[in-house]
Amino acid sequence: MTLGQIIEKYKCNVYSRTPFNTGKEIRYAFCSDLMSDALMIMSTVRESGILEDSVLITGLATNQSIRTAEMLDVQIVCLVRGKIPAQQVIDLADESGITLIGTELTMFNLSGRLYQEGIVGIASKK
Amino acid sequence: MIAVDKRYDIIPNDFNFAGRASSDIKRTLKSMHFSREFIKRVSVAAYEAEINIVIHSRGGKAAFKICEDALYLEFVDIGPGIPDIQLALTPGYSTASEESRLNGFGAGMGFSNILKSVDKMDILSDPNGTVLKLKFNITEADRDENR
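Chain order of the listed sequences is A and B. Under our numbering, the first residue of the first sequence carries the number 418, and numbering increases by one thereafter. Under our numbering, the first residue of the second sequence carries the number 197, and numbering increases by one thereafter.
Note that these hints are calculated values from the structure, not bench results. Check before you lean on any hint, since a few could be wrong.
To be verified - Calculated cross-link-like contacts (lysine to aspartate or glutamate; reagent style EDC-like; alpha-carbon spacing at most 20 Å): (1) Lys428(A) / Glu512(A); (2) Lys500(A) / Glu295(B); (3) Lys441(A) / Glu469(A); (4) Lys226(B) / Glu534(A); (5) Lys226(B) / Asp210(B); (6) Lys316(B) / Asp210(B); (7) Lys226(B) / Asp511(A); (8) Lys202(B) / Glu264(B); (9) Lys226(B) / Glu521(A); (10) Lys312(B) / Asp454(A); (11) Lys226(B) / Asp454(A); (12) Lys202(B) / Glu270(B); (13) Lys261(B) / Glu336(B); (14) Lys312(B) / Glu464(A); (15) Lys226(B) / Asp470(A).
What the hints assert, rightly or not - Listed next, with one range per pair, are the computed distances between beta-carbon atoms: (16) Glu521(A) / Asp318(B): 43 to 51 Å; (17) Asp265(B) / Ser465(A): 18 to 26 Å; (18) Arg463(A) / Gly277(B): 31 to 39 Å; (19) Ile501(A) / Asp315(B): 37 to 45 Å.
By construction, the Cβ of each residue, glycine as well, lies at the ideal position given by its N, Cα and C atoms.
Chain A on its own, in the form it takes in the complex:
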């Protein structure tokens, strides 16, 4: 599924102003409101290309979601439940080259729909 299809299908607002590629293929996702969990699970991924093709789904509309994505090389953050990010969060996303989008869907419903589309969840590697 491409980023453009996700934005269109789930009626996402695009908050960041940095230009992005609507044709970018999204193959993986991880969802959490706990950034420690995102760091723990996503940092175990060793194969290159996986995190770069991932979306971080979260209800946490703060700078720390952007920082976490930045540390992990995740380029897209999707806010759920209609959370609207503050201007400073949008500014940080632009500065870090992160595409910040948001949907009215809940975390479960967005994740379920993406899963149905073939997007794979990132799991911990022991």
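Fit chain B to the known structure of chain A by using the hints.
Chain B only, in chain A's frame:
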């Protein structure tokens, strides 16, 4: 030869600035063409350590150095110290405040994430403060930005 020597202030309880030092460390490593995997390892450990100071301390500093084949990060804060280091290292154990949890932290995974990323970790702590030293060995593969 010391190739990098940078220092950062870490402000307690300021979740807007939290991550600024780690972000600069990451960008510096990127500009030096280290491998993505190495950069991620260092960035995740730096970020967790920085967040620890924001959440738990009265403020502190970070130092970032690259000397020959090793990268060192040193985090020093001015207290109140970690009363039981073994307990703090236990995955899931957390004393974080409600505000930290609202910012997505305080899951008690900080030190676990750091330990997974580093080659060596030392902690020295008493009520005057905590010193956390992290060492990352740099191999030939880590210097290859295509990896």
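Indices of hints not satisfied (ascending): The structure breaks hints 1, 4, 5, 6, 9 and 11; every other hint is satisfied.
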